[in-house]
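Dock chain V against the given chain Y, drawing on the hints supplied.
The listed protein sequences derive, respectively, from chains Y and V. Sequential numbering of the first sequence, starting at 1, is according to this note's numbering. Sequential numbering of the second sequence, starting at 1, is according to this note's numbering.
Among the clues, some could well be false.
A pair counts as met if it fits within one copy or between any two copies, since identical chains are not told apart.
Calculated lysine-lysine pairs in the DSSO-like style (CA-CA distance at most 27 Å, straight line) [to be verified]:
1) LYS67 - LYS210
2) LYS14 - LYS4
3) LYS67 - LYS14
4) LYS67 - LYS155
Don't read these hints as lab results, they were simulated from the structure. All of these numbers come straight from a predicted model, not from anything done at the bench.
Protein chains: 2
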Amino acid sequence: MANKHPYLTTHEGKLYLTDQEKGLRTSLEIKEVLYEERSPYQHIMIVDTVLFGRALILDGIVQTTEKEGFIYNEMISHMPLAFHPKAEDVLIVGGGDLGVAREVLKYPFVRRVDMVEIDARVVEASRTYLPEVAAPPDDRLHIYFEDGALFVGRKEAAYDVIIVDAADPVGPATVLFEHPFYAALERALRADGVMAAQSDSPIHHIDVCKRTHSSLKSLFPIVYPYFSTVPAYPSGWWMFTLASKRYDMLRPLDPGISTRFVNDAILRGSLAVPNMFAQALFSV
Amino acid sequence: MANKHPYLTTHEGKLYLTDQEKGLRTSLEIKEVLYEERSPYQHIMIVDTVLFGRALILDGIVQTTEKEGFIYNEMISHMPLAFHPKAEDVLIVGGGDLGVAREVLKYPFVRRVDMVEIDARVVEASRTYLPEVAAPPDDRLHIYFEDGALFVGRKEAAYDVIIVDAADPVGPATVLFEHPFYAALERALRADGVMAAQSDSPIHHIDVCKRTHSSLKSLFPIVYPYFSTVPAYPSGWWMFTLASKRYDMLRPLDPGISTRFVNDAILRGSLAVPNMFAQALFSV
Chain Y
1 MANKHPYLTT HEGKLYLTDQ EKGLRTSLEI KEVLYEERSP YQHIMIVDTV LFGRALILDG
61 IVQTTEKEGF IYNEMISHMP LAFHPKAEDV LIVGGGDLGV AREVLKYPFV RRVDMVEIDA
121 RVVEASRTYL PEVAAPPDDR LHIYFEDGAL FVGRKEAAYD VIIVDAADPV GPATVLFEHP
181 FYAALERALR ADGVMAAQSD SPIHHIDVCK RTHSSLKSLF PIVYPYFSTV PAYPSGWWMF
241 TLASKRYDML RPLDPGISTR FVNDAILRGS LAVPNMFAQA LFSV
Chain V
1 MANKHPYLTT HEGKLYLTDQ EKGLRTSLEI KEVLYEERSP YQHIMIVDTV LFGRALILDG
61 IVQTTEKEGF IYNEMISHMP LAFHPKAEDV LIVGGGDLGV AREVLKYPFV RRVDMVEIDA
121 RVVEASRTYL PEVAAPPDDR LHIYFEDGAL FVGRKEAAYD VIIVDAADPV GPATVLFEHP
181 FYAALERALR ADGVMAAQSD SPIHHIDVCK RTHSSLKSLF PIVYPYFSTV PAYPSGWWMF
241 TLASKRYDML RPLDPGISTR FVNDAILRGS LAVPNMFAQA LFSV
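So here's chain Y without its partners, still in its complex pose (with noise of 0.2 Å):
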């Protein structure tokens, strides 16, 4: 039985989105399409999951979910901010689904985020449809409806932090995990900057991971993988890397910052890799 929904297929009368990675097909069970829309840059869904409640889709691809996307949130949000001892102007690349931003402006010392995304749309349908998700309303966040790699080009020496939350290396995003783009982040950033990005899946595009670490390898002097298990993505595994001007050093994290995922041993332990991932991404 067919459905209207573009990205969604009937299964026994039941609504899936269906993830298809090679040799492995991952459907999550829909209850309820809330919104679609596809505007200038995408196609956006809010949908409704059994598993793991409310979800943005974005071209049929899981960005984030209600019930465990700070997971992904507070790891690509609270390593850089516990790399860096205080920092005061954050840059948000992508995160338009505002998660990345409710978990920077949670620090008091953080004084201003600038947030670059090109999709107004999905901004908008995050703050109606994901209210969990979505960061409240903040007078320190500043949100730039623009290319994010153009954006962050006329920026020199202008953040303490940069998190890249872009969405995967196919379409529009493809060239926020290139080098040209890290290097003018690494330009963005003070003496004393760190930047997290996250990197892919290290089960099926090892390749991504490994490219992203030399990259950055070639631009700072501290670089360093780390994991996560983040369930609602493809194969339930997420890379990200670190990338740091002079701080080689995780602070405790601050007393009063709330978390659901993250704590100390968390953050540490994530910075241990695997040997089979060591040997992907160190080799030569």
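Just chain V now, with coordinates in the frame of chain Y:
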């Protein structure tokens, strides 16, 4: 299009093995069924998967795979062996694919490994079709083909380390997740013994995780839940539980022990408990 294999489905001309949990269908593409039989205990298949190479399937559920099964086997074995300073007598309950035996036998100070597995046909099939997983022949390994709970019930202060590599808590393995069995394990361990058990998926079965944790807490002074990604299992995230009578600290992993996943930092990092699970496991 139907196919002749129970538990497998055909989709667009390709064979899949599907795991259906609440709201999530995970389907592994199968290249070929290499072996299939119905033993007195269960349905056994060895298949060749596109993503993870060869896999052992019992009653339609993935038990181990050639390309990532070592993650599970290393996590369940090296953690208890790093807690005990010098385990000489080790018991494996279940473990029919001989993957845990392979890890345990890497330690030269281990002088005897008893393994109690209900189904001789699983061991036979693994030896034939999964040489990458199954332990090579070793005089120290003694396999008993009988009911694990009955075997353990006859033992007293006989082992330094016990590893429970049970199938899911449905069907014959159900008793291996219940309090009387854990109490029997406690009696079968020496006064300084350490045990580890797989404790199911914290995403799909946090109730099983929590029950295991409280059951072992009532029997042992030292209990640690720990977590790892296991890509071929549903949700990709798995919990294990370590229980120890005396030792509270990991020795460094022995030099010369060759691993593909674990190292000291991974073992230590895996003892970090995400806030969300700490709340579920430790709250009364």
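Which numbered hints turn out to be false for this structure? Hint 4 is the one this structure does not satisfy, whereas the remaining hints hold.
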